[in-house]
Every structure is written in structure tokens, then in C-alpha cells.
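For my numbering, count along the sequence shown from 1 and bump the result up by 3.
Calculated from the structure, these hints are not laboratory results.
Computed from a predicted model, the values in this text were never measured in an experiment.
One should not assume that every hint holds.
[To be verified] Lysine to any residue pairs mimicking SDA-like chemistry, simulated, CA-CA at most 25 Å apart: (1) K277 to V195; (2) K277 to D53; (3) K277 to E253; (4) K277 to Y203; (5) K277 to E174; (6) K277 to G293; (7) K277 to D43; (8) K277 to M36; (9) K277 to V308; (10) K277 to I31; (11) K277 to A24; (12) K277 to P252; (13) K277 to D154; (14) K277 to T247; (15) K277 to S33; (16) K277 to S297; (17) K277 to L38; (18) K277 to L294; (19) K277 to R255.
[Stated by the list, open to error] With beta-carbon atoms standing in for the labels, derived distance ranges: (20) H191 to P100: 26 to 34 Å; (21) E172 to V13: 49 to 57 Å; (22) V13 to G93: 23 to 31 Å; (23) V195 to G9: 43 to 51 Å; (24) E174 to V13: 26 to 34 Å; (25) G9 to S297: 18 to 26 Å; (26) G93 to G49: 40 to 48 Å; (27) E136 to V13: 29 to 37 Å; (28) A137 to T167: 51 to 59 Å.
Even for Gly, the Cβ is constructed at its ideal location relative to N, Cα and C.
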Amino acid sequence: MHHTLGRPRVEDAAAIHELIAAYDTAVIGSPDMTLDDVADELAEPGFDRDRDGWLARDGDGRLDGWAWACRVGDSDTVDVEVIVRPGVTGLDDRLWPLVIGRARELAAEAGHDGATLHIGVYRADTAKRDTAEARGFSPGTSFHRMRIDHDGPVEPPAPPAGLTLHTGESEDARREAHRAHQEGFAEHFGFVPVDYDVWYSRRQAQSTTDWAQLTLARLDGRPAGVLIANNQFVPDEGCGYVATLAVVPEFRGRGLGRFLLRHAFAADAARGRKGTILHVDSNNTTPALGLYESAGMRPVLVIDVWQQRL
4 MHHTLGRPRV EDAAAIHELI AAYDTAVIGS PDMTLDDVAD ELAEPGFDRD
54 RDGWLARDGD GRLDGWAWAC RVGDSDTVDV EVIVRPGVTG LDDRLWPLVI
104 GRARELAAEA GHDGATLHIG VYRADTAKRD TAEARGFSPG TSFHRMRIDH
154 DGPVEPPAPP AGLTLHTGES EDARREAHRA HQEGFAEHFG FVPVDYDVWY
204 SRRQAQSTTD WAQLTLARLD GRPAGVLIAN NQFVPDEGCG YVATLAVVPE
254 FRGRGLGRFL LRHAFAADAA RGRKGTILHV DSNNTTPALG LYESAGMRPV
304 LVIDVWQQRL
């Protein structure tokens, strides 16, 4: 089957969403992205639609392929994706070389001698796993999607001594939250430090962002941890989402992570949400997976990150 390649445009969001939904449904039984999620990806700061993405359409104009490469900050890490409509053959072999070539360019443009590629693969997608392995990728880490259901009000947790909480509606709080995030995640898989302006602009560009759902925790007046929640899983799951939960290293071991997690549960229940969702790296340098399980969360999906050094 002949396919014509083109570049993505903002107005292609609905067609891309339909393709992703078809792929997700074939692999995990239901769509895993909303139309707004796709629109946010196309508007992602740093993603150049004229250079970083490709659409493949068949002779009737149906979108059968969507591929992209996006560098993480100024690092040599490049996130990549290749999605082909179930049942369509041969298109992988056209899209993968384009993505890999662009990844090399992106790393070189940032002054790096090579590129580290990352691709997320649903644990259930054995065909995509085999494709990644055949193209030289190897396992990097695994992210577990965790969920807890709320059947009614959740009692807010008792705060540790000396704790004050602040939302992200003020720039001072956002800047301290940014520092806490950077320090708390410094040793995590694939983490790339970014300055405040980049950190802020990326979140400000996302339709799911609600700065009132950012919680900065100060202990004795010092920034100690941050919880960044948003509306990503509200439209399709009716759940709140903890996008980031970080505790500054010197404040670990004092129950702050558990407090912030239960604070998120109580806030989501108060908003009438069915539950709370988050993702956790199973190889996290802190024992986060155990924390979430002990708080009553359960794994509902596994996404493996495969990596390759070019």
C-alpha cells in the first residue's frame, strides 16, 4: 500500500487521536489518550512540527502512521514514537529511519556526540517490544500506572510539625516548587534538569494544568517537597492525576511523601473524582512503589521504557 508522508499540523489532532485510539484499543483494550492530550503534544514547546514529526496517509487520505522525535531539554536524550495502524504493514520500515535520523540531528544540534533514544512500550504490546529489540533497543526501566478509588470523602492527613502548604498560583511558590522538583528528581531515570522558564512554559502550555493543584510543602519555612497534580485523567477516567511527587533529599524519611500523597487523595475526593492515578518508576532511587502500594494504590498498567545509544 502506498503512503504519502507529510508534516503534522495543529488541525491534524483529531486524525492523530483516531489513529492512536485504534492502536491503543488493539493493544490494551481502550484508548489511552484524549483529543486534548494529542493537541497538547502538537503544541509542546520545543517540538518543531516542520522537522520533528511525520504523518503517513494512504491513497484515500486515511492516517495510518504517526511518528516523532523530541529532545528532552538540552540533553542528548530524545524521546521517540512510531505508531502504525493495526493491520498496516511495511510502514514501520519507512518511519523508523526518519525518526532515528532526526534523533541524531537533535542531539547534534544541542552539541552532543551521540543520542540516547527512549521509547515507551506497553507491557502488553509484544509486537512493538520485538520491533524495538530488533532495532537495537534494550530495556531501560518500567513505569507502573497506579490507581486508588475513592468511594466518598477522604479524611485529610495530619500534617507533620512545622508544615505549611502553598498552591502554585503565586510565582514565588512556583519557583520554589521548581527547585524542589529539580532536587527531588535529580537521581531518577531519564531526568533532565531544566531552568524555571522552560519548566513553567511547558506546564503553562498544557490544557490539563491547574496551578491551584500544585502543592508546595515547606517545613520550618524551607521548601521540602512538591506535589503537582493536574486534570489529565479527568475526561476519560474521572480521576485526579499526580504528575509529580518529589521530596528534597534532606527532608526524606519524615513522612512528607506519604502526607502529600494522602493530601492528593483527599483533594481529589473533595472534587468528586472517582480516584487518583499516578505513574511510578519501578527502579526509582527512593522506595516510591512500596509507598504507593502501602497507601492502597494498585498497579493497573505497565509501560516499559526501551533505550538505545546512537
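Outcome of the hint check:
A distance of roughly 33 Å separates the Cα atoms of K277 and V195; the hinted pair therefore is violated under the 25 Å criterion. Between K277 and D53 the alpha-carbon distance is near 40 Å, which puts this suggested pair outside the 25 Å criterion. Restraint check for K277 and E253: not satisfied, since their Cα atoms lie roughly 34 Å apart, outside the 25 Å limit. In summary, the hint linking K277 to Y203 is not supported, as the alpha carbons are separated by about 28 Å, beyond the 25 Å threshold.
Between K277 and E174 the alpha-carbon distance is near 31 Å, which puts this suggested pair outside the 25 Å criterion. With a C-alpha separation of about 22 Å, the suggested pair K277 and G293 falls inside the 25 Å cut-off, and the hint holds. A threshold of 25 Å between alpha carbons decides the hint, and for K277 with D43 the separation of about 24 Å falls inside it, so the pair holds. Taken as a hint, the K277 and M36 pair is honoured in the structure, with Cα atoms around 18 Å apart against an allowance of 25 Å.
For the hint linking K277 to V308, the alpha-carbon distance of about 28 Å lies beyond 25 Å, and the restraint is violated. Restraint check: the Cα-Cα separation between K277 and I31 comes to about 21 Å, which is no more than 25 Å; the hinted pair holds. Between K277 and A24, the direct Cα distance comes to roughly 23 Å. Compliance with the 25 Å bound is thereby established for this hinted pair. As the CA atoms of K277 and P252 are separated by approximately 32 Å, the hinted pair breaks the 25 Å bound.
Straight-line distance between C-alpha atoms of K277 and D154 comes to about 7 Å, which keeps the hinted pair within the 25 Å bound. For the proposed pair K277 and T247, the alpha carbon gap of about 20 Å is at most 25 Å, so the pair holds. Straight-line distance between C-alpha atoms of K277 and S33 comes to about 18 Å, which keeps the hinted pair within the 25 Å bound. Taking the CA atoms of K277 and S297, the gap is about 19 Å. The hint holds against a cut of 25 Å.
Taking the CA atoms of K277 and L38, the gap is about 21 Å. The hint holds against a cut of 25 Å. The straight-line distance between the Cα atoms of K277 and L294 is roughly 21 Å, inside the 25 Å bound, and the hint therefore holds. Under the criterion of a C-alpha separation no larger than 25 Å, the hint pairing K277 with R255 is inconsistent with the structure, at around 30 Å. The hint said 26 to 34 Å for the Cβ distance between H191 and P100, and at roughly 31 Å that hint holds.
About 28 Å separates the C-beta atoms of E172 and V13, a value inconsistent with the hinted range of 49 to 57 Å. Under the hint 23 to 31 Å, the C-beta atoms of V13 and G93, about 28 Å apart, fit the expected range. Between V195 and G9 the beta carbon distance is about 30 Å. The supplied range of 43 to 51 Å is therefore violated. Taking the beta carbon of each, E174 and V13 are about 29 Å apart, inside 26 to 34 Å as hinted.
In this structure the supplied range 18 to 26 Å is violated for G9 paired with S297, their Cβ-Cβ distance being about 49 Å. Our hint of 40 to 48 Å for G93 and G49 is violated, since their Cβ atoms are close to 31 Å apart. In this structure the supplied range 29 to 37 Å holds for E136 paired with V13, their Cβ-Cβ distance being about 34 Å. As the Cβ distance of A137 to T167 is approximately 53 Å, the hint placing it in 51 to 59 Å holds.
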